[in-house]
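Asks: Below are the chains, spelled out letter by letter.
Number of protein chains: 2
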Amino acid sequence: MYVKDIGEFGFIRRISRGCLVRPKHVLKGIGDDAAAFVPSPGDVTLVTTDLLVERVHFLRDSTSGFNLGYKALAANLSDIAAMGGTAQEAFVSIAIPEDCPLDFLEDLYEGMKKLGAEFAVNLLGGDTTKSNLDLIINVAVVGSVPKDEILYRHTAQPEDAIFSTGFLGDSRAGLHLILNNIPVDSKEFMVLKDAHIFPKPYLREGRFLARKRYAHAAIDVSDGLSSDLGHILEESNVGARLYAEKIPVSQNLKKFCDRFEFDPVDFALAGGEDYTLLCTIPTDKAEEAVRDYVREFNQPLYPIGEINDSGRLELVYPDGKMKQIKPTGWDHFKSV
Amino acid sequence: MYVKDIGEFGFIRRISRGCLVRPKHVLKGIGDDAAAFVPSPGDVTLVTTDLLVERVHFLRDSTSGFNLGYKALAANLSDIAAMGGTAQEAFVSIAIPEDCPLDFLEDLYEGMKKLGAEFAVNLLGGDTTKSNLDLIINVAVVGSVPKDEILYRHTAQPEDAIFSTGFLGDSRAGLHLILNNIPVDSKEFMVLKDAHIFPKPYLREGRFLARKRYAHAAIDVSDGLSSDLGHILEESNVGARLYAEKIPVSQNLKKFCDRFEFDPVDFALAGGEDYTLLCTIPTDKAEEAVRDYVREFNQPLYPIGEINDSGRLELVYPDGKMKQIKPTGWDHFKSV
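Chain order of the listed sequences is A and B. Once you know that position 125 of the first sequence is 125 in my numbering, the rest is easy, because the numbers rise by one and skip nothing. Once you know that position 83 of the second sequence is 83 in my numbering, the rest is easy, because the numbers rise by one and skip nothing.
So that you can see chain A by itself, here it is in the shape it has in the complex (with noise of 0.2 Å):
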């Protein structure tokens, strides 16, 4: 079955059921010319949004429905999280070309609706079109966030400390998996293929951060740890020293890289989409803000350098040696 076959307002009552799960705020979902909500009171609204394009971000043949969906939404979270603050409304956009099945459809907003229900992020609105030949989704989010608590990009000072919320590389290596149609015969693969599939958004990591004022700035990592560490340096007008023995590289990349002989810093580098934040916290609190985090998340906040102002990023080998890495962020127009 098709979109043509219920048509255009059959569908949209098919997908709405289900999207509203922090019903409280909101005046109006789904249904007039825009939604209205009525904002967190005193706080600022942050906005994100993110285009994905079947054959630039997606194969539809090598992705269900439901993962598009889980992930399209699981980036642009991670970007209200990267500003310290809470996703609470989420409008999709989505043209669909004539030979995408109702039931690829309807599993991507289930994607959506089992992420959004986990972090109490409405669906609140959207677009439905028709799309030539490409599956098109743009996802905007809505959060709020204190006005003294956003944690900015260009935020950042020498002697700050580096953390990142979780491991680097996985989704990389996911991803090495999934392009390549390597079995996943074992636990290790199964759990690097999920970190690409099914990212975590760090929203109450981040928020955490915020709230107890330990970081300076942050951003999270949707391009790897290098273009992403860049644009903070860059916008905040220092350098960096990062540590390769430090930098926090999972098991089960390390059993990937031995198979395929890859470097797990370079996958750490260069990965991209692993979502996790990356924080810069002044030297005087990081002691107490790793503390107080692990013993809030029973999880480690992985110190992995620290921010000078050389205007450099710099890699620090176990041996003393040192390479410097170029800041640049991923660039889409450029050939990889």
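Take these hints with a grain of salt, some might be off.
Identical chains blur together in the list; that is why a pair holds if it fits in one copy or across any two.
What the hints assert, rightly or not - Derived pair list, reagent style DSS-like, types lysine-lysine, alpha-carbon separation capped at 30 Å:
no., residue 1, residue 2
1, Lys321, Lys147
2, Lys130, Lys4
3, Lys212, Lys24
4, Lys130, Lys114
5, Lys212, Lys28
6, Lys326, Lys130
Just so you know, these hints were derived from the structure itself, not from any lab. The structure presented is a predicted model; accordingly, all values stated were derived computationally and were not measured.
Based on these hints, arrange chain B on the given structure of chain A.
Replies: Same frame as chain A, now just chain B:
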């Protein structure tokens, strides 16, 4: 020149100029994980979003970038107008095919900035990525409105008078001229073409009708009078009677219809993209509303019929004949 010649970040730097026209409440625009701004205190937040796909919604060869950008934003502003709100922040996601010249894209953002400046709407963020074939634009607009002034679709009541804020059918006639390459050889045709290319968002008018508590319900005419009034009838669970001779048809449209032997009322009913507001006003307020509106805007508020409890949409001709119109919305997935 193309985006790949200057890179994604070079492109973002270029289009970022002139985006902030109302900087006062903005904490962060383009250039972080999310935009951050202070919402209007005490107000409800409105969000609307529209996805435009090349070869579905526009042909790149038959529009300028400026006109495309202008109209993409105008459609969203019109949605905020139909809720009685003030538009504030716009977020533009764009997926760019390799063959789309930089000039066209800069022109597109110019069109949005021009219209944004006219209504004090910031261009506050978005997403920039690659497309394989079609140019894709998603615009999301955030606005605000006092809670007890929101204009919904579901709040029309029997005996309300129905009004339009402007002429209907002009935009459809303009599209006909464009699609059929008809020479725009008169002032009249020029006005029709402009009605299609540069639709006016009735933001001030919507706000006025909401602030003065004149209107019970409102919607903007994006799909045509019958479709959009149909949404009000369906959501409000009411019917309506329209009077053919009262439907505001411009002299320009009459001249066009004379020449090509069309019925102007058909153009008004099924036209679409006029982006006037339809609103319903209780009878006891209607006279005052019309007088007050004319005084404020020096433009008429056109009465076109009234809401009843018939559940049907009927059109009455001057000779007393009546025709029932099926109040269905435009469906992107049905063949026309």
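Asks: Each of the hints needs a verdict: does it hold here or not?
Replies: Checked hints:
For a Cα distance limit of 30 Å, the shortest separation of lysine 321 from lysine 147 qualifies neither inside one copy, at 42 Å, nor across copies, at 62 Å. Taking identical chains as interchangeable, the C-alpha atoms of lysine 130 and lysine 4 lie at most 30 Å apart whether they share a chain (10 Å) or sit on different chains (28 Å). In this homomeric assembly, lysine 212 and lysine 24 come within 30 Å of each other (Cα to Cα) both inside a single copy, at 27 Å, and across copies, at 27 Å. For the identical chains of this complex, lysine 130 and lysine 114 are neighbours both inside a copy (25 Å) and across copies (28 Å), given an alpha-carbon limit of 30 Å.
With identical chains, the CA atoms of lysine 212 and lysine 28 are at most 30 Å apart between copies only, with a shortest distance of 21 Å across copies and 34 Å within one. In this assembly of identical chains, lysine 326 and lysine 130 lie within 30 Å of each other by CA distance solely across copies; the values are 23 Å between and 41 Å within a copy.
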